[in-house]
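Colleague: Each chain is listed here by its residues.
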Amino acid sequence: MKRLFKANIYKWLVFFLILAPNIFTSIVGIESFPYTSAPMFGHYVGDDTELYLLKFEAVSGNELIDLEPYYGRPAAYFVRYFFSKVYGSPGSISAFNGRLSESPPKFQRRMNTFFLDFATYIREQHGIQLQKIYLKSIRVDKNRNPLAEAIVLGYYDTNTNQYTALDEAHK
Amino acid sequence: MRFVLPWFVAKVAYDQLNIIYFNAYNHVPSFSKTWFLHLMPESWLSFGPESQFLFIMIILCAVGATLGIAGRLCLFLLAGLEFFIGGNFETLGIFDHNSSLSSQVVLILALVPGSMRISIDFFIYKKYFNKDNPKALNFPPPKWGLNLILILLVLTYFTAGISKIRHGGLKWLDGATLGFYLENYVADFPAGEQQLLIANEARYSDEHWKDTIGFEAHTYGNYQYRPAFKKLGSWFAERPPLVIGISVITILFEFTWFIVFINSRYRNIYLIAAFVTHTMIGVLMGLYFLHYRFICLCLLDWNLILKTIGGRYGKKIASRVQSM
Numbered sequence: 004m005k006r007l008f009k010a011n012i013y014k015w016l017v018f019f020l021i022l023a024p025n026i027f028t029s030i031v032g033i034e035s036f037p038y039t040s041a042p043m044f045g046h047y048v049g050d051d052t053e054l055y056l057l058k059f060e061a062v063s064g065n066e067l068i069d070l071e072p073y074y075g076r077p078a079a080y081f082v083r084y085f086f087s088k089v090y091g092s093p094g095s096i097s098a099f100n101g102r103l104s105e106s107p108p109k110f111q112r113r114m115n116t117f118f119l120d121f122a123t124y125i126r127e128q129h130g131i132q133l134q135k136i137y138l139k140s141i142r143v144d145k146n147r148n149p150l151a152e153a154i155v156l157g158y159y160d161t162n163t164n165q166y167t168a169l170d171e172a173h174k
Numbered sequence: 006m007r008f009v010l011p012w013f014v015a016k017v018a019y020d021q022l023n024i025i026y027f028n029a030y031n032h033v034p035s036f037s038k039t040w041f042l043h044l045m046p047e048s049w050l051s052f053g054p055e056s057q058f059l060f061i062m063i064i065l066c067a068v069g070a071t072l073g074i075a076g077r078l079c080l081f082l083l084a085g086l087e088f089f090i091g092g093n094f095e096t097l098g099i100f101d102h103n104s105s106l107s108s109q110v111v112l113i114l115a116l117v118p119g120s121m122r123i124s125i126d127f128f129i130y131k132k133y134f135n136k137d138n139p140k141a142l143n144f145p146p147p148k149w150g151l152n153l154i155l156i157l158l159v160l161t162y163f164t165a166g167i168s169k170i171r172h173g174g175l176k177w178l179d180g181a182t183l184g185f186y187l188e189n190y191v192a193d194f195p196a197g198e199q200q201l202l203i204a205n206e207a208r209y210s211d212e213h214w215k216d217t218i219g220f221e222a223h224t225y226g227n228y229q230y231r232p233a234f235k236k237l238g239s240w241f242a243e244r245p246p247l248v249i250g251i252s253v254i255t256i257l258f259e260f261t262w263f264i265v266f267i268n269s270r271y272r273n274i275y276l277i278a279a280f281v282t283h284t285m286i287g288v289l290m291g292l293y294f295l296h297y298r299f300i301c302l303c304l305l306d307w308n309l310i311l312k313t314i315g316g317r318y319g320k321k322i323a324s325r326v327q328s329m
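These protein sequence lines are chains A and B, in that order.
Take this note's numbering: the last position of the first sequence gets the number 174, and nothing is skipped along the way.
Take this note's numbering: the last position of the second sequence gets the number 329, and nothing is skipped along the way.
Since the hints were made in silico from the structure, they are not lab data.
One thing to keep in mind: the hints can contain errors.
[As the list claims (entries may be wrong)] Derived CB-CB ranges, DEER-like:
| id | chain 1 | residue 1 | chain 2 | residue 2 | range |
| --- | --- | --- | --- | --- | --- |
| 1 | B | F8 | A | N148 | 47 to 53 Å |
| 2 | A | F27 | B | D211 | 24 to 30 Å |
| 3 | B | I123 | A | W15 | 25 to 31 Å |
| 4 | B | I125 | A | S104 | 48 to 54 Å |
| 5 | A | I154 | B | F266 | 49 to 55 Å |
| 6 | B | S51 | A | E71 | 40 to 46 Å |
| 7 | A | S104 | B | I314 | 49 to 55 Å |
[Unchecked claim] Quick list of in silico lysine to any residue cross-link-like pairs, SDA-like style, CA-CA up to 20 Å:
| id | chain 1 | residue 1 | chain 2 | residue 2 |
| --- | --- | --- | --- | --- |
| 8 | A | K14 | B | L157 |
| 9 | B | K148 | B | S269 |
| 10 | A | K58 | A | A151 |
| 11 | B | K148 | A | A151 |
[What the hints assert, rightly or not] Just a sample of chain B residues kept apart from chain A, beta carbon distances all over 10 Å, derived:
| id | residue |
| --- | --- |
| 12 | F13 |
| 13 | S105 |
| 14 | K169 |
| 15 | P246 |
All C-beta atoms, glycine included, are put in the ideal place defined by N, C-alpha and C.
Input sequences plus hints: build the corresponding full structure.
Modeller: Structure, rendered in structure tokens:
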């Protein structure tokens with residue numbers, strides 16, 4: 004009897020250990036490997052949906068440099084990482100990371116940390132000192148043809164270690 | 006499942022580690038860490054020459070798990086390795102939705118009774134540690150382990166269905182999203198143009214303050230490169246009624262997960278439907294989800310299949326297997 008009781012406790016413990024984090028991520032709508040809310044192909048893409056490319060450009064001395072060759076990983080990985088882990092979707096909860104809250108100070112800290120890491124990596128790996136890094140978005144159609152001029156979302160100043168948003172919603 | 010799945014997980018872990026190991030930009034800021042990585046010491050999150058032992062550990066764990074030599078420990082370590090490596094891979098930008106399930110199934114195999122019935126560990130235990138009471142081990146293992154894997158699998162499908170309605174609303178059923186992805190062949194574009202961001206109406210939400218655009222999500226890719234399959238995908242995409250039909254069937258499939266618990270017949274129907282769905286996603290989008298398909302095959306009630314389609318010989322084999 005005692006053995007059966009212990010076996011049952013073990014069984015429910017294993018069920019809890021495996022299912023609890025999975026059910027939590029499903030209900031809340033987040034993901035953190037290996038737990039996911041499976042957001043693949045879930046966001047609507049229709050005729051009125053706007054599609055954008057992200058670009059990172061930097062000022063080094065008198066030059067404006069496209070930073071794509073310096074991402075240090077495939078460009079698609081880099082943009083996906085930046086959007087999922089750094090920039091984030093609107094709202095407190097994003098389907099692409101495990102965060103449970105969002106606020107302007109948290110966003111600012113993440114952007115500053117990301118750009119500091121990125122600028123440091125470029126300096127150490129490629130010997131290029133950057134003064135400013137611009138974050139741009141370009142609206143395109145599904146064949147990647149530009150539909151409008153690039154919008155500068157913001158820039159990072161390596162001297163002050165601050166990201167400044169130029170395209171804030173409330174402005 | 007115990008003989009083959011560890012190798013699937015090991016292969017993914019090995020390939021991911023290869024990419025991480027040779028990736029120049031692999032610093033993991035705190036905000037990028039997965040929940041599992043938060044449990045790891047900071048020094049473990051950089052990969053240098055000292056990390057090469059991980060490659061050997063992956064292989065040793067897969068061998069041990071398959072043969073059942075310290076089998077449960079090897080399964081546990083292999084699951085832990087993929088949680089760790091997959092988590093680091095996510096910080097590079099890609100969440101591997103294939104191994105996110107299979108690594109958890111490997112963990113389940115480490116923890117549930119019955120997974121080591123055919124193993125060197127069990128043989129040694131019977132021969133040297135349980136000589137006096139051999140009949141005590143001649144009983145079928147409890148089925149809850151298998152049920153747990155089944156629950157995890159269908160939970161994933163259900164979650165995917167919820168996500169489509171949560172993020173896309175009922176509009177998702179109009180087929181436009183699926184139609185877009187059927188033709189979003191990423192290999193057709195240069196590297197810097199493969200990854201798109203999506204904006205719909207989030208900019209009008211009170212929760213939006215970051216910019217005037219309102220990026221909601223990144224797109225996923227269609228990785229099919231075979232011309233014949235791409236032609237097939239485009240053929241579907243050019244026929245909106247077909248795409249709408251596929252969208253509706255997808256949602257129906259994801260929301261009828263519960264039928265697997267009615268009886269073995271419905272379980273088999275659902276799992277075969279899942280296998281076919283993954284195969285079609287593989288053909289049309291280059292995302293083959295091999296781990297999912299294998300797990301579906303393992304969870305089928307093969308006794309019922311043999312009895313149903315195997316004729317007289319099928320029934321004989323089924324009853325022999327059942328008596329084992």
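Colleague: For each hint given before, does the structure comply? Return the numbers of the non-compliant ones in rising order.
Modeller: 6, 11, 13 and 14
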